[in-house]
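Construct all of the structure, not just a fragment, from the sequences and the given hints.
Number of protein chains: 2
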Amino acid sequence: MLKESDITFLKTILTFWDHLNPNQKTMFLENAMPVSYKRGENIHRGENDCVGILLIKSGELRTYILSEDGRDITLYRLGTDEVCILSASCILDNITFDVHIDVEADCDVLLLKSSVFSQICNENIYAENFSYKSMIDRFSDVMWAMQQILFMSFDKRLTIFLLDEVTRTGSNTVNMTHEQIAKYVGSAREVVSRMLKYFENEGYVNLSRGKIEVIDKVQLKQII
Amino acid sequence: MLKESDITFLKTILTFWDHLNPNQKTMFLENAMPVSYKRGENIHRGENDCVGILLIKSGELRTYILSEDGRDITLYRLGTDEVCILSASCILDNITFDVHIDVEADCDVLLLKSSVFSQICNENIYAENFSYKSMIDRFSDVMWAMQQILFMSFDKRLTIFLLDEVTRTGSNTVNMTHEQIAKYVGSAREVVSRMLKYFENEGYVNLSRGKIEVIDKVQLKQII
Numbered sequence: 001m002l003k004e005s006d007i008t009f010l011k012t013i014l015t016f017w018d019h020l021n022p023n024q025k026t027m028f029l030e031n032a033m034p035v036s037y038k039r040g041e042n043i044h045r046g047e048n049d050c051v052g053i054l055l056i057k058s059g060e061l062r063t064y065i066l067s068e069d070g071r072d073i074t075l076y077r078l079g080t081d082e083v084c085i086l087s088a089s090c091i092l093d094n095i096t097f098d099v100h101i102d103v104e105a106d107c108d109v110l111l112l113k114s115s116v117f118s119q120i121c122n123e124n125i126y127a128e129n130f131s132y133k134s135m136i137d138r139f140s141d142v143m144w145a146m147q148q149i150l151f152m153s154f155d156k157r158l159t160i161f162l163l164d165e166v167t168r169t170g171s172n173t174v175n176m177t178h179e180q181i182a183k184y185v186g187s188a189r190e191v192v193s194r195m196l197k198y199f200e201n202e203g204y205v206n207l208s209r210g211k212i213e214v215i216d217k218v219q220l221k222q223i224i
Numbered sequence: 001m002l003k004e005s006d007i008t009f010l011k012t013i014l015t016f017w018d019h020l021n022p023n024q025k026t027m028f029l030e031n032a033m034p035v036s037y038k039r040g041e042n043i044h045r046g047e048n049d050c051v052g053i054l055l056i057k058s059g060e061l062r063t064y065i066l067s068e069d070g071r072d073i074t075l076y077r078l079g080t081d082e083v084c085i086l087s088a089s090c091i092l093d094n095i096t097f098d099v100h101i102d103v104e105a106d107c108d109v110l111l112l113k114s115s116v117f118s119q120i121c122n123e124n125i126y127a128e129n130f131s132y133k134s135m136i137d138r139f140s141d142v143m144w145a146m147q148q149i150l151f152m153s154f155d156k157r158l159t160i161f162l163l164d165e166v167t168r169t170g171s172n173t174v175n176m177t178h179e180q181i182a183k184y185v186g187s188a189r190e191v192v193s194r195m196l197k198y199f200e201n202e203g204y205v206n207l208s209r210g211k212i213e214v215i216d217k218v219q220l221k222q223i224i
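Chains as they are written, first to last, in my numbering: chain F, 1 to 224; chain L, 1 to 224.
Any given hint could be a false lead.
Stated by the list, open to error - Covered stretches of chain F (in silico footprint by chain L; criterion: 3 or more residues with CB under 8 Å from a CB of chain L, positions within the stretch not fixed): (1) 115-128; (2) 131-140; (3) 167-175.
Stated by the list, open to error - Straight-line distance between alpha carbons at most 27 Å, and here's what the computed DSS-like set of lysine-lysine pairs gives: (4) Lys11/L with Lys133/F; (5) Lys156/F with Lys38/F; (6) Lys133/L with Lys113/F; (7) Lys113/F with Lys38/F; (8) Lys183/F with Lys156/L; (9) Lys133/F with Lys133/L; (10) Lys25/L with Lys25/F; (11) Lys156/L with Lys133/F.
Claimed, not checked - Residues of chain F placed beyond 12 Å of chain L at every Cβ, according to the derived structure: (12) Leu163; (13) His178; (14) Arg209.
Honestly, the hints are just simulated from the structure, not real lab data.
Please read all numbers here as calculations on a predicted model, not as lab measurements.
All C-beta atoms in this analysis are idealised placements derived from N, C-alpha and C, irrespective of residue type, glycine included.
See the structure below:
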């Protein structure tokens, strides 16, 4: 049985709740499952998984694509109150691409199994509509990522990444290796290290093992 | 007034037709407009235009993004019986990116003005659903384009482009300059010219002014 707080959360996130019939409501309530994931876990791996829709109560998920030679490109991140839908890609007829989804920060989610969600989407156009809307929000995210990668000079991309991280975590320190940052910004470790060294020389950041401290946000923002 | 053939076309493409009420049907019939576009015309330019939904009777449209320094990257092409929806991006709340749309081959379309389509989408969830579905198909196209650009070595990308063109046009000759091809494959003219020269030396293609003749498809396919 779901806790009262989970039921409230479910009804809030599934904005089509009032359009469900009693059977469909019961089906959601009986099948939604509270699940916790640990940082570093892989939730979805290309076409091999189809765990279901994840309603994120807390934590962070990162969606990325992976090349044959192991490079990865972050498409977007999802956090509290957001819906991870591509983890149910097997039920999405018109999604023909595959992504990977990792846990970036420990997550509590409500999991709706693909089969259950799929059945309700087939029966109820409001549920179907909701799933489409969730996907289209991600379409905009992906276009943003693509434009960043294709068109922005690398110093801008790295700066935006650092400032986003600082804003997101509320700390001036980014606890990541250059290798990790390279993955997030779609570049190589050497390129990241070189640019960070330049930022350090300019007095924008302090570098130490596994972390970057942003010390002059004002100057850094000038780069963008 | 629409011709009988246009009315049939409208009803076929708008798969939600039977879910419209009589007023909504009349609204579509009275507002759908047959329009012809010439090759080379620009139909949609970033956030400045919002012509409406285009139902393509014949011809071809190309959707691309443009960088500040003028590079362009093809996202996808649309042809007969397809629906161009991003040309109405102003009415799509959750689309926050901008694209450009050019006419690649002379087009006959039925144009549904943004305001009319928007009103019906607000009233009718089946129409809204249709617009989302049309967008999500393009999401998959864009992911494909992105993966091509990010992860494939350039010889593969160029080969796929040439073979796609040959298949699409049913001719062994691709009538394009190296400059144009560079735009389509997201590269620079010099890079395209160098690779094509290599292909010519290998006996895969013959080069002449403004065209590439594919002479050994079998060998070319080995590259992919």
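Consistency of the hints with the structure:
Counting residues of the stretch 115-128 of chain F whose C-beta lies closer than 8 Å to any C-beta of chain L gives 3; at least three are required, and the coverage claim holds. Using a Cβ-Cβ cut-off of 8 Å, 8 residues of the stretch 131-140 of chain F lie near chain L, which meets the minimum of three, so the contact claim holds. Coverage of the stretch 167-175 of chain F by chain L is violated. Counting CB-CB distances below 8 Å, 0 residues qualify, and the rule asks for three or more. Note on Lys11/L and Lys133/F: the hinted pairing holds, with a Cα-Cα distance of about 24 Å set against a maximum of 27 Å.
Taking the CA atoms of Lys156/F and Lys38/F, the gap is near 32 Å; set against the 27 Å cutoff, the hint is violated. For a cut-off of 27 Å, the pair hint linking Lys133/L to Lys113/F stands: about 22 Å separates their Cα positions. For a cut-off of 27 Å, the pair hint linking Lys113/F to Lys38/F stands: about 19 Å separates their Cα positions. A C-alpha spacing of about 24 Å is found between Lys183/F and Lys156/L, which places the hinted pair at or below 27 Å, so the restraint holds.
Only pairs whose Cα atoms come within 27 Å are accepted, and Lys133/F paired with Lys133/L is accepted, the gap being roughly 9 Å. A hinted pair counts as satisfied when its Cα atoms are at most 27 Å apart, and Lys25/L with Lys25/F does not qualify at roughly 33 Å. With a C-alpha separation of about 34 Å, the suggested pair Lys156/L and Lys133/F falls outside the 27 Å cut-off, and the hint is violated. Listed as a non-interface residue, Leu163/F keeps its Cβ farther than 12 Å from every Cβ of chain L; the least gap is roughly 19 Å.
For His178/F, the non-interface assignment is confirmed: its Cβ lies about 20 Å from the closest Cβ of chain L, beyond the 12 Å cut-off. For Arg209/F, the non-interface assignment is confirmed: its Cβ lies about 30 Å from the closest Cβ of chain L, beyond the 12 Å cut-off.
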